[in-house]
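Following the hints, complete the assembly by docking chain S onto the known chain L.
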Amino acid sequence: MNILLRSWSAYTRMTLRWPGLAAIVPFIPVIALWLAVTEAGIFPRAFLPGPVEVVKAFFTLTYKGILPDYLQDSLLRLISGAAVGMALGIPLGVLIGTSRWARRISWPILLFFQAIGDIAWLPILLIWFGFGITTMTFVIVYTVLFPVVLNTVLGVESVPPDMARAARSLGASRARVLWEVTLPGALPNIITGLRNGLGYGWRALIAVEIIVGTSGIGFMMFDARRAGSVVEILLGMIILGLLWYIVDAWILAPIERATGQRWGLVTS
Amino acid sequence: MKTLTLRNLAKTYFDPYAGAHVNAVQDVSLEVEQGEFVSVVGPSGCGKTTILNMIAGFIPYSGGEILLNGKPIDGPGPERGVVFQSFALFPWKTVLDNVGFGPKMRGVPKAERDKIAYEYLALAGLSHAANRYPNELSGGMQQRVGVVRALANHPDVLLMDEPFASVDAQTRMTLQEELTRIWQERRPTVIFITHDVPEAVFLANRVVVLSKGRVLDQVEVDLPRPRVWNDLIEDDNFKRLSSQVLHMVRSA
Numbered sequence: 000m001n002i003l004l005r006s007w008s009a010y011t012r013m014t015l016r017w018p019g020l021a022a023i024v025p026f027i028p029v030i031a032l033w034l035a036v037t038e039a040g041i042f043p044r045a046f047l048p049g050p051v052e053v054v055k056a057f058f059t060l061t062y063k064g065i066l067p068d069y070l071q072d073s074l075l076r077l078i079s080g081a082a083v084g085m086a087l088g089i090p091l092g093v094l095i096g097t098s099r100w101a102r103r104i105s106w107p108i109l110l111f112f113q114a115i116g117d118i119a120w121l122p123i124l125l126i127w128f129g130f131g132i133t134t135m136t137f138v139i140v141y142t143v144l145f146p147v148v149l150n151t152v153l154g155v156e157s158v159p160p161d162m163a164r165a166a167r168s169l170g171a172s173r174a175r176v177l178w179e180v181t182l183p184g185a186l187p188n189i190i191t192g193l194r195n196g197l198g199y200g201w202r203a204l205i206a207v208e209i210i211v212g213t214s215g216i217g218f219m220m221f222d223a224r225r226a227g228s229v230v231e232i233l234l235g236m237i238i239l240g241l242l243w244y245i246v247d248a249w250i251l252a253p254i255e256r257a258t259g260q261r262w263g264l265v266t267s
Numbered sequence: 000m001k002t003l004t005l006r007n008l009a010k011t012y013f014d015p016y017a018g019a020h021v022n023a024v025q026d027v028s029l030e031v032e033q034g035e036f037v038s039v040v041g042p043s044g045c046g047k048t049t050i051l052n053m054i055a056g057f058i059p060y061s062g063g064e065i066l067l068n069g070k071p072i073d074g075p076g077p078e079r080g081v082v083f084q085s086f087a088l089f090p091w092k093t094v095l096d097n098v099g100f101g102p103k104m105r106g107v108p109k110a111e112r113d114k115i116a117y118e119y120l121a122l123a124g125l126s127h128a129a130n131r132y133p134n135e136l137s138g139g140m141q142q143r144v145g146v147v148r149a150l151a152n153h154p155d156v157l158l159m160d161e162p163f164a165s166v167d168a169q170t171r172m173t174l175q176e177e178l179t180r181i182w183q184e185r186r187p188t189v190i191f192i193t194h195d196v197p198e199a200v201f202l203a204n205r206v207v208v209l210s211k212g213r214v215l216d217q218v219e220v221d222l223p224r225p226r227v228w229n230d231l232i233e234d235d236n237f238k239r240l241s242s243q244v245l246h247m248v249r250s251a
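Chains as they are written, first to last, in numbering that gives the first Met the number 0: chain L, 0 to 267; chain S, 0 to 251.
Bound conformation, chain L alone (with noise of 0.2 angstroms):
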């Protein structure tokens, strides 16, 4: 018992010298289970390969200049779509969230279309759009948007109608009082409304360049089953993976800890 709670503390202690520790540990037991269950041949290999094939497939993949080529167009696509998704959600939150003429309006019109996710906009889009990249975009803009939106308009709505009053009454124009106090009292909201978007867009690109795709990690899945190469599409599950614990520890929760956290706004 003893040694457990010693082990467990210098166990914190090295996470906390090393943060990227505690993201690793973790998975050490997974894998290791993964190993021992493709070691023990209760499966045939090319149903379920082990880690050592999967990491051999990615430097292969890697060195033919595959996966570095599919990943940056991924990528791409990604932020491309979450970029606009961010221009058009931002505005169209704030004024959702500051006009009340706007919001009846608007929310029945959000909601319903919130509802018809991602994918049920395919049909259609194949139609109009045909395979290309129109269609992605399309898909990747319109699922950032719904979550940058509706967080928006509620981080709008969360700043205390005080704190407008207290702007106003220490001489800020009404221009002023949205750009000092409406906008950074929303500001985590917005960051929750990102890391959401980009959480769902994510998982729709796939989606899309499993459909209509001709590269990407997508793309690259689902023609790995065409081929019967369960290596790659195992590969293909863990970049994902990987890919958004990156952008999820390493780029959102930093600016978390910076604005809303920091400013108590957020409890950690």
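I should point out that these hints are in silico values taken from the structure, not numbers from a laboratory. Hints may be right or wrong, so weigh each one.
Which residues of chain S face chain L? A partial, calculated answer using Cβ under 7 angstroms [stated by the list, open to error]:
| hint | residue |
| --- | --- |
| 1 | T11 |
| 2 | Y12 |
| 3 | A55 |
| 4 | P77 |
| 5 | V81 |
| 6 | S85 |
| 7 | R105 |
| 8 | Y132 |
| 9 | N152 |
Computed far set for chain S versus chain L, every beta-carbon distance over 10 angstroms [claimed, not checked]:
| hint | residue |
| --- | --- |
| 10 | A19 |
| 11 | H20 |
| 12 | G62 |
| 13 | G101 |
| 14 | M104 |
| 15 | R171 |
| 16 | T173 |
Using N, Cα and C, we set each Cβ at its ideal position, and we do this for glycine too.
Leaving out everything else, chain S in the frame of chain L:
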């Protein structure tokens, strides 16, 4: 020289739940002179916060008029500084930038407004907290920031809406003493809303008692300054004035 004049001020609003019009403020006339400290007391629902919100320009009034230096007010403005019960500090700005916010809106350059903010922070004994964020401060310290943030903008009149209601009793007494000291140094015109009778008497030159949306009575407070609780708590004049006002409020 009259700073602030309320003439037959009235506020009626429609209560959708009761399905009727409610007279929050019936007919209030009041003169506040420059440099005066006026406390407004009354039981809850007497309309005191409504009056303050109308003077601040946060809500429109339905009858009468509000004149500041002879001119009718129109919406919120920097000549009427407000201190809120909820503090209403900007959590994403440091204490320094909170206090410098008014000057910033006037277009004062950064170096200059930092100087102003530091001067006012020193007035409240908060120089050490300049670079902290509001959520890192205690409630009492936050409201000190709230007071000097309003003062740093040199308002013609300072409107305070139960500013010390949400801090603990000991801190409240300290804040009251500090407020009287700052008032003596700077002589701002203050309208102070409270439901706490001893607080109203302790701070003010004059206490206005409200009841059911009307001015019930007014009491001059001629207690000597500087005022500190250790002296006043046993002071006969203070006790007499407090009980006089308390009886008015209780009968209201």
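Hints versus structure:
1. T11: 21 angstroms, violated
2. Y12: 16 angstroms, violated
3. A55: The hint holds - S:A55 has a Cβ within 7 angstroms of chain L, the shortest such distance being about 6 angstroms.
4. P77: Holds: closest Cβ of chain L sits about 3 angstroms from S:P77, inside 7 angstroms.
5. V81: 5 angstroms, holds
6. S85: Holds. Min distance 5 angstroms.
7. R105: 6 angstroms, holds
8. Y132: 6 angstroms, holds
9. N152: 6 angstroms, holds
10. A19: 23 angstroms, holds
11. H20: 22 angstroms, holds
12. G62: 23 angstroms, holds
13. G101: Answer for S:G101: violated, closest chain L Cβ roughly 4 angstroms.
14. M104: 4 angstroms, violated
15. R171: 20 angstroms, holds
16. T173: 23 angstroms, holds
Of the numbered hints given earlier, the model fails hints 1, 2, 13, 14; all others are met.
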